[in-house]
Amino acid sequence: MGEIIYDSYPNSKLLGAMRALTGVRDAVGIVHGRSCCHADSLLFHVLTSPNDDIRLVGSGMRAQDISVGGHRKLSLAIRSAYKEFNPALIAILVASVPTLMGDDVDGTIAAMERQIPCKICSFPCAGYQGHMNEGYEEVLSRLTQYMIPSSHISDMVNIIGFKSDEPHGAANLGEVKRMLADQGVKVNAVLTSSSFEEIKTAPRASVNVVLGGDGLGCARLMEEQFGVPYVTVPYPFGWGQSIEFLERVTGALGKKLNQEIISQEKDRIKEKLQKVYTYLQGIYGLPAAVVGEGGRVFHLARFLSDEIGLKIKLLSVASKNPVLEEIKREDSYFEELFITPDHFRMEEAIRAKDVEMIFGSTAEKRLSKELNIPLIRTAYPILDEVAISDMPHVGFKGIINLTEQVINAVISSS
Amino acid sequence: MSNNQKPKFSKALVGAYGTISMIVHAMACQPAKNAGALVAVNAISDAVPLIHGPLGCGGLRKMNSFGVHSLFPDTPCTNLMELELVYGAEKKLRRGIVETYERYRPALIVVVPTCPSDMIGDDLAAAVRQAKKEVGCEVVYSTGELIKGRPIGYHDVLCSLFDQLLPDGMEIQKMENSVNLITFPIHSVNNKLGEMVDILEEIGIKVNKIFFDNTSLKDIYDLPRAVLNITDLPLPWLDRMKERFGVPFYATSSLDHPTDPKEINPHGMENSARIFLKIADLLGKRDRAEAVVKKRKQYAEERLMEETKGLKGKKVAVVGGFFFGMGLLLVREMGMEASVLIYKTYGLESHGMGRNALKQIMDMDREVAKHYGSEPLVLINPTHGEEIRAIRESETDLVIAPGADIFRYHGEGIRAFDSMKFYMDSLRIGFECPVELALMLKKALERPAKKNPLLSMLDYDRYESNLHPSWVKLENVWRAVIEGADGGCLYG
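Quick mapping for you: the protein sequence lines, in order, are chains A and E. Using my numbering, you'd call the opening residue of the first sequence number 419 and step up by one each time. Using my numbering, you'd call the opening residue of the second sequence number 9 and step up by one each time.
The set of hints was computed from the structure by calculation and includes no laboratory data. Remember, predicted model here, so these are calculated numbers, not experimental data. Hints are supplied without guarantee of correctness; some may be wrong.
As the list claims (entries may be wrong) - The calculated DSBU-like cross-link candidates involving lysine-lysine, where the alpha carbons are at most 30 Å apart (straight line), are:
#1 E:Lys19 to A:Lys787
#2 E:Lys19 to A:Lys738
#3 A:Lys783 to E:Lys429
#4 A:Lys787 to E:Lys99
#5 A:Lys783 to E:Lys99
#6 E:Lys226 to A:Lys787
#7 E:Lys200 to A:Lys787
#8 A:Lys738 to A:Lys618
#9 A:Lys738 to E:Lys429
What the hints assert, rightly or not - Okay, the calculated bits of chain A under chain E, using three or more residues with CB under 8 Å as the criterion:
#10 428-437
#11 452-466
#12 486-497
Glycine is no exception: its CB is placed at the ideal position from the N, C-alpha and C atoms.
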């Protein structure tokens, strides 16, 4: 029999739903539950998102509400959230206590919808109801219910599977949009980093671009309901995957890749890398561990391995995603794959690998200190770094930024 | 052995997260019972918590509401599934305890229940009893939130430790003339208790334990050896020690007489002398204490007289409470004049403080200021502009304000001093504290205001002048929920 306990990564369904929802720029989330669920989700959100755009509130349930029900507090929270934020969408994330006590959340929503002119919906997010990716997928799929059927506009795409609180999220999205624009491709809605109105217009795009496989359920629903085909693309870390990303998008749109632009990008990258080639030679073959979410970590590891030349001794997936089984078959760029939600076992595995660098999240900080090796923060949650400069990790610009970070982390280490 | 060692965090790191930590301290929500429980467990270096709950509780619980700058290091959970929430999860808990022992090899496992396990009514005691036969360490279960008092969850763990680890009739080898100094583990004790320990030792009083300061399980067993606990406030688990082991406590602050500045704010020369003599009285060391206290106090007072020469008569505006904070030291010890008292009541009201209580505090502040020769102007929830006008018109020399507000005064060319930093890092019982404050204030008066803080170019709420408007919206929603429902979410 396997172990029953584990030291969980921040990997709950509530967190996944919150991450998807807070990317809807004019939505408000209400954590309907007790303080633990509300306070901790709020802190994760505040520490990984812009300080001036926090739209997550709570219903403030207490122990005594278990006997009388949480509808009164939830109604107050909905009414007040509407008054303060004037949102287009209010989403109630129903945590463990109201779920176990059978709180009539749907009844509360029905009553409030008669009073408040905005859409209100709810998501089951009790602690035992699933992992982060399930919460994320469920919110994205639900958003399709609000979409308006439309004819498709050529050369226009939606991006699905983006998380606005991912490391360097805003810069990453900017770089993806820039690369697409250079190829004559317009981005319509981003799920999720768009307003509710923009998301409602998603069916007018010609193709849905599914980043790293996250949000695949939403893309499938949109294909069925609105006839928008989708293409799953790698998270564009590095040169090869940026090209693959663009080829798949332009291919799906029936366009040819503009090679002239690609050639200019290549020249720019070459010019910069030339300046540090001695260091790149010096770190070639450096053993490293890469930890992260299923939708991104494989693509990051492929770039670090195939292009920077690191030896990826361990690739650890902290949270799964819909295409994990498919991606993990291509295993030429890592030595060992470890899929676990258990942070204790993951740390143990990294210790055993004798690596000299970790790519991961703030959760790996303690281990990197213990092993006295650098930690490059590339995975959610990053709670101990801010990113407000235009320094994407992905796309063509990301190649330079990540290379610079890796070299500096090594040569500035003690 | 567990590697659950407390890392040492720099003041800069803790300070950088200062504003963010407000958001979970009654501004937009409330720290939860499990956060309080984990703070207590995490403060015991060879203990590991076992969260008895679903994976959601385990993962979210990495976040430390009481120390936003760090994650809780080890938070294994029993990963309760839906079926177990129907049929019970005691067997799983028993196995979970055994696995936790095998993994971490701690000296102590503390089972921390969650809302789901509370609701299904698992018999934690039975599971722990069974598991203890299979592990080579102590196991304790917390009762969740039965013990009231803030932070919720924290006191439950401590009471559980005493109830379950230290049985009645336990043989205790008392250490004569010894005390325990009780602290709260998120506050740094490094520079706060040194002088107190020195003075007590000079009086002939031994310090048995500082609880918490690199505390291990063994230290908990040793706590009843002391004959007295010294604490800042009465705590539920100290009642347990008094009842069961005959170790009374002396609280340096008390809520019995909340209108008495001495009771609420036991700092400064006279108060420190009173407290040391009281402790000595309780241990029958009055004679020796008088000589020690007199010598120490006299030495400090001579230096204070010298250091306050440039401070006497200087005008200070104080933001955020007067006699509760360092205001009293300013007028009493430093001889400064309180020119303006500025109150931002929104946060206090979010903590559940009623209008009458607020008025009473303001009246007391005014009275205390008057007693020391000041007639300050009182501003309640002023706009930034109103504040600045009053500060300028009163020819105030220095504003005493929390760190998050300092830039507002600097941006207007007004000197300011960070009261929160002083409170967190320096305010303590002892004779050196006023001298240290005098030196700090002199430096603050000499140092010109920062000319052009970037923070001054940003957007803020009209009244909550250091908060972005969106945070005030979060605050408003929280207030609407707690006021509209049952008047407060302070206890869970």
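Status of the hints after comparison with the structure:
For the hint linking lysine 19 (chain E) to lysine 787 (chain A), the alpha-carbon distance of about 19 Å falls within 30 Å, and the restraint holds. For a cut-off of 30 Å, the pair hint linking lysine 19 (chain E) to lysine 738 (chain A) is broken: about 37 Å separates their Cα positions. With a C-alpha separation of about 27 Å, the suggested pair lysine 783 (chain A) and lysine 429 (chain E) falls inside the 30 Å cut-off, and the hint holds. Simply put, lysine 787 (chain A) and lysine 99 (chain E) have alpha-carbon atoms about 37 Å apart, too far for the 30 Å limit, and the pair is violated.
Annotation: proposed proximity of lysine 783 (chain A) to lysine 99 (chain E) is violated, straight-line Cα distance about 34 Å (limit 30 Å). Pair hint lysine 226 (chain E) plus lysine 787 (chain A) holds up; C-alpha atoms about 28 Å apart against a cutoff of 30 Å. For a cut-off of 30 Å, the pair hint linking lysine 200 (chain E) to lysine 787 (chain A) stands: about 28 Å separates their Cα positions. Taken as a hint, the lysine 738 (chain A) and lysine 618 (chain A) pair is honoured in the structure, with Cα atoms around 27 Å apart against an allowance of 30 Å.
Of the supplied pair hints, the one linking lysine 738 (chain A) and lysine 429 (chain E) is violated, its CA atoms being roughly 43 Å apart against a limit of 30 Å. Remark: the stretch 428-437 of chain A is confirmed as covered by chain E, as 6 of its residues place a Cβ nearer than 8 Å to a Cβ of that chain, reaching the required three. Only when three residues or more bring their CB closer than 8 Å to a CB of chain E does the claim for the stretch 452-466 of chain A stand; here the count is 13, and the claim holds. Given a C-beta distance limit of less than 8 Å, the hint that chain E covers the stretch 486-497 of chain A holds, as 5 residues qualify and 3 suffice.
Hint compliance for this structure: hints 2, 4, 5, 9 are broken, all remaining hints hold.
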